[in-house]
Structures are given as C-alpha cells and as structure tokens.
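Listed in order, the protein sequences are those of chains W and B. Start counting the first sequence at 1; every next residue gets the next number (this note's numbering). Start counting the second sequence at 1; every next residue gets the next number (this note's numbering).
These are computed hints drawn from the structure, not numbers from a lab. Think of the CB as a built atom: it goes at the ideal place given N, C-alpha and C, for glycine as much as any other residue.
Estimated spans, in silico, between C-beta atoms of each pair: (1) B:181 to W:147: 36 to 42 Å; (2) B:368 to W:5: 43 to 49 Å; (3) B:51 to W:177: 26 to 32 Å.
Computed footprint of chain W on chain B, listed as stretches where at least three residues anywhere in the stretch have a Cβ under 8 Å from a Cβ of chain W: (4) 37-44; (5) 191-201; (6) 291-303.
In silico negatives: residues of chain W with every beta carbon more than 12 Å from chain B: (7) 100; (8) 101; (9) 104; (10) 122; (11) 143; (12) 175; (13) 182; (14) 247; (15) 330; (16) 334; (17) 370; (18) 408; (19) 414; (20) 418.
There are 2 protein chains.
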Amino acid sequence: MIINKAEILCVGTEILIGDIVNTNAAWLSRELCFMGISQYHQAVIGDNSDRLSHTVETTLDNCELLVITGGLGPTYDDITKETVARIIGKELVYSKELYDEIHRFFRHKGKKMTENNRKQAYYIDGASVLKNDIGTAPGMLCRFEYKGSEKIIVLLPGPPEEMKHMWSNYAKPEIERHTSKVFVTRNINIVRMGESEVAQKLDSLMRRSTNPTVAPYCKTAETRLRVTASAETKEEAQRICDDMVEHIKTTEVGDYIYGTDTEIPVAVVELLIAKKLKIATAESCTGGLLAKMITDVAGASSVFEGGMVSYSNSIKYKALGVSPSILDKYGPYDHRVAAQMAEGAKRIIDADIGVGITGIAGPNGGTEDKPVGTVYIAVYYNGKSKVTKFKFGRKLSRERIRELAAINALIMVMEVIKKAGAGPHR
Amino acid sequence: MIINKAEILCVGTEILIGDIVNTNAAWLSRELCFMGISQYHQAVIGDNSDRLSHTVETTLDNCELLVITGGLGPTYDDITKETVARIIGKELVYSKELYDEIHRFFRHKGKKMTENNRKQAYYIDGASVLKNDIGTAPGMLCRFEYKGSEKIIVLLPGPPEEMKHMWSNYAKPEIERHTSKVFVTRNINIVRMGESEVAQKLDSLMRRSTNPTVAPYCKTAETRLRVTASAETKEEAQRICDDMVEHIKTTEVGDYIYGTDTEIPVAVVELLIAKKLKIATAESCTGGLLAKMITDVAGASSVFEGGMVSYSNSIKYKALGVSPSILDKYGPYDHRVAAQMAEGAKRIIDADIGVGITGIAGPNGGTEDKPVGTVYIAVYYNGKSKVTKFKFGRKLSRERIRELAAINALIMVMEVIKKAGAGPHR
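Construct the complete structure from the given sequences, taking the supplied hints into account.
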C-alpha cells in the first residue's frame, strides 16, 4: 500500500476552547511533508465520541493515513481508542505487559499509580502497540480495510514531547515503508525586505514555477521563501530545490538573503563562531529574552559567556556602569543609555561585541514623546556603538514588542559581524 | 439572529506544512468560548480555492458564524475573499478609500508601496469592511442568507497581531449583538499533583457535574482543572463557576491549589509584591529564560531589578563569586554551585531572594553520572539555600528541559515565599 494523502486530527476540548495551542499539528505536518505525504486539511474536535466518530469516518474517505493525537489518557473523557475500535469493529483488550510498564513508570518517578491508569493498559485488538518512553499512555498503529481500501490510523498521545518521541521512534519507521514520492523543502531567509516586495520582485518566477513551487511568507522581522520540490528520489528533489535556491540568490532579492533553512539566532551564533567573536548582552525591557534566544542554540557556549538583565536604573548603574547623570537627565529609555549598556556588557563579560536594549514594552510606562513600543538597541564593537531607535507600534502586545526588540537586536548584530573581520583567536 | 455555533477555519499552506503554528485558532477559540458560542470542530486548509470553497460550504451547514483567518494578503495565492465572494454570489469592488489607507500605511513606515498591494483595496460587495490598524489587509464581515438561514462570515488577516486587533476592535462588538447564552470558564491551578491523581480524587464530582463541567488537563509542570458554566447572564454563569471553584478548594486537591485563572510566573510576581520581597536570578543552562518569564509579567519591575546569565564558569566566578575550587573540584553541574549562584545573585542585585540554576540542557554535555536533563536549582532566602536536583528525562528536548527548569525554579520560589513572612518595606 502507498500512502499519498494523510490527515491530522487533534482531539481535545482544551484545544477547541483555546486553552492549548495546537503545536502537535504543526510538528506532524512537517514530518508528513518531508515524507512526501500530502495533506490538504486538518481538524480539531473536542472530547466527544459521536463527533469523533463522524469526523474519523468522513476523513477516511479522503486519505490513506489518519494520524490522531490526544484522548489516550487515563480519564473518562479520553475516548479516542474506544471510538476508533468501534469504527474499525475491534475490541479493546487488556495487556498485563502494558499494565506492568505503566506501573514501572510511576515507580521510577517515585509516584503512586492511581487506579484510573489501568485504562491505559487496554489496546485495540490487532493493532501494533507504540511504546511511550516518556509518559504512560501507549499509542497504536491500526491497519484495516475501510470501504474496500487499506487504511492506517495512528493514535498518538496529546502531550507534545510524548507524541514526538513516539512518532519518531515507533510510528514513522512503519509509515515510511508506505511512501513513494519524496518532497524536499528549503527555506530562504530574508531580512530588511517585506513579503510584498519580495513577492513583487519574484512575481513571474513564482507564477511559472510548479516544481519546485516558490511561495513567500512572513516570520517575525523576516520574510521567508519556501521552495518545495517533489521527485522519485530524495537526491533528485534536493537537486531541483537547490537549483532554484541558487537561482534566487542571483536575483534582486539576493542581497537581502541572510541564510537558508535557518533562524536568525542560529545564523548569528554561526557567524560569531566563524569569526571567532564573543558576544555579551545587557537587557532592560527584553528582560533576558535576547540571552534566552542566543542560548536556545545548542553550542552557544563557545560565543556567549553571559549577560546581564538590568531591569532597574540602579542595576544599570551598579552592574553595567551606565552614567547616573545620563540616567537622571534622559531617563532609562535613551540612545545614550543603550550605548553604555552595550559597552558595559562587553567590558564586564570581556566579550568582543556588546548588545544593549532599553525601551518600553508596555502596557504601562509610555509617554506622548516615547510611547509604548519605543526601544533603543545598541551594538558595541571595535570601540564604537551603533544605536537604532525602533518604534514598534504602540498597539502591539508586550510580548510582541519584546520579541521584535530581541530579534531586531540579533539582526543588527548580524549586520555588524558581516562587516567585521575575524576576531582574536582565543 | 442568534449565533449558537461557530467554526474557525484557518487558511494557509504554511500552517498545513507546519512552517507556522496555528496560534490564531487557539486565541479565537477562547474569544468565542467567552461569548457563549460553541465550537465543535476547527479546520485548517491550504491556499487552494476549490478546497476552500468545499470546506466553507460544508461548514456553513453546521454553524451560523464562520471565522476565516488568512489569505487576505497581496500575493496571487491569497484567495480567501475571492472564494468567499463567489460562494455568496457577490462581486469584489474597488475602494479608493482603502487604497489610500494602504498607501498611507506604507508612507508612514517610510516604505515603498508595491503595486500588488492594490489587490487589498478590493472588498466583497455589501460586506462591512473591518479596519486594519496594524497592517495593510482589511478584513470583512459578510451577512447573507445560505440555504434559507442567516449566516455571518468574518474574514480576518493571518498575522496574529493584526487578526487579534481587528477582531477585538471591529468584529467582536458586532458579533456580540448576536449571542444569547453566556459561558464562563475558570481554571484552577494545581502543582505537585499529576493529572491522573487529580482525576482520581475528583472522579465522582467530575462525572456528575454537567453545569458547570469540570475537566482536568496538563500544563508544563502543573495540572489545571477547567470549570465551565453556562447561563443566561454572565453573573449567573459566574456564580455557578465560583461555587464549584470554592467547593473544589475544600476537597483533597485543595492543598495543591496555588491559584485560579493564573500562570506560575504571574502567581510568583503577585506573591512577591504581596510580601514586599525582591528576587534576583543567576542562570546557567536556562540562559535568561527564568528572567524572561518573570519579566513577561507586566509590573515585574517592582520585585525584579535584574539578574545574571552566567553561562561560562569564568562568569560564575567573576560576576557571582562562585568558588573556583568548587567549580574545579565538582564542575559547574553541582548543588554547591547552584547554591552559590543563588546567593551571589541575591547579593549583587541586593534582593531578598536569589535563584540559581545550573545543569545540562543538552543535546551535548551529559555523562553517565549526570545525564542530559540533570539540573540543580537553588533558592536562597534568609541566610540559607534550598537546593533541589531535578532529573528531567534525557529524552526531552533542550527547549523542554530549559522550560521545565525555569518553571520548577518558580514553583520552588512560590513555596519558599509562602512560608516566608513579609519582607522589608522598601
């Protein structure tokens, strides 16, 4: 059997009422995409057996593979496996082995196993059980005939870490045996040129490209071009993609490309490593987010020794040496303060580059002159600071202003490093 | 007309292939939920006119309100309004006024308006245009008759900030005029008791509760109980909810409840404010995430003056005063190092409470003795440090280990503060 089309169905009232963001669907989508399995539709439904039945049945008409996440837990409103068993006409059977494993899981954690966990030791008769190495609810892979065609349903637990681990280790290897065409996607990363301008400049190229397809989309402070090719082999799809990526680099958009298949923090850390430069941070309104973004990158320790979160004026002065008279005269939201923070961070941490961020993330603290969203970012390198004043819209959320500030600081660092020579060998 | 049921449909190939996590659906779900509009199903589809048509038509059979996000942009693959216009039998009409507004938007940003943006100046004949104060694509609210019933379709742009602002300011006030029943939801926040144990303890209560309903779900390092009531007035629904929340506080679960309708960082900041205590952070493996979580809370500045990200040993020593002989003898992943970091942070920032985190977030750096996921967290208060060693599973991702470390540090702080008296008046 060949799987061409799949659907993802996420079960859980907590998603439907917005208590939880459905990151599972995004993650699984990427996985299916890379396996060359198309997906045209995705759904979320609540913990309701009738609606789940109806959705599963409708979905099975449109695809060979249905991946369901959620509803495998110990509580009475977890109804996924019961419902699927009924649809495919199978019983649930008890497994002593599964029970023992769940029991061991609790013992290992030093916790008491409550009796409702017993429910998780039942599986759909005939299904392959998928081990849960991280949690208690096992998954299942059911192969069956539906209206004369072969179908596969994969049941995965809702908690993202358990779901990902189970899919990668136990479900994916099985599904991979049923794929034919291979899709390869590459992303071109662009800064300082908006989506509509990119689209305008590449309009005719985008329209005439069918394999690979080329489509732009926005990410925070950057534009991405997604290039997707399909072929019978991975190598061939890869080659089609690569050719287009190389071609796009030669167009008007080329100068604005900072990388491919990367993220701004990763690109910055790689550039720092390549140039043997160390960076230090001093953050006020971003409150640690910039350092967090840098250290999200595994291996950041070779270019980042530390940073300061200087939230109050007194810490800006005491720990970073920002001049009290400047703080008094101009207040903390000022280009001179940002510059001295950047220099202070560089000096204290003994790095090559210092970054200083100060501004108003809101919701309070804005004035007519300096409304919420006003942020000063300084990058200190080679004896001088480059400071930029940003006016992120005052209607943006605190979270968004902080994110934009941290990302724009990284973009500024990227531009400074690109112009810089190699740093001292340490 | 009364809107009882709604569906949310998110359009965009970038969601379907997993490039973007669908946060819009979660956010809108909450909004609908609070308005007493039920939602049983949610969908995502790609930028394809036929499939969009088919999904919109099927959906309209099941609900009175359809909220569509995405596909309103300037590029040729943005097809939402064209498709909806066709389904409801209307033309797209050009608006000079919209064009001028888009033009002004670009001028204000100091950017050139590319010609493809002209597409965004077209709207569906007869629709109410919803202003976009943050971006360029206007939204629309269409009232029409479909198979003999009144329906409303709201079209919102895909970028979350634009979508939220437009919904809150221009769409929601209109939709609110068409609601009857009101739903109120409250969340009870629980730590140190897992979902299955909570479910076991409240099993009979959960089963017999229909209004309000009571359902548990997991969040990072906590369990939540969602209590949802419906009534004709908000006050009545609120009362039903509140009564249940108060009742649950008197059950066996009560001792584990740290708050209602809150988040761990918010609860910690509020506790610190209430007890007039200041906190300082020293982070190694979390690299600023803890400070970021604290400063996510608006108003954190009254309890948080700053923190240190001490990623390298040398900064742990130079900036925080961690003993070099301890670092030499035991390495950086050690309970003594965590304790000295906590104490150092408290001292340097002149706070009441210091938090130190050191450990191995992975993917590299683990040993047999101290595998990836080993994290030491110290909370220093009143002359002594409480240190806990955590073993977050070695199979968890770097991101997840960092998140669990930061959240668990906050839980430890919460427990220390609860036992503490009031701090010095500053």
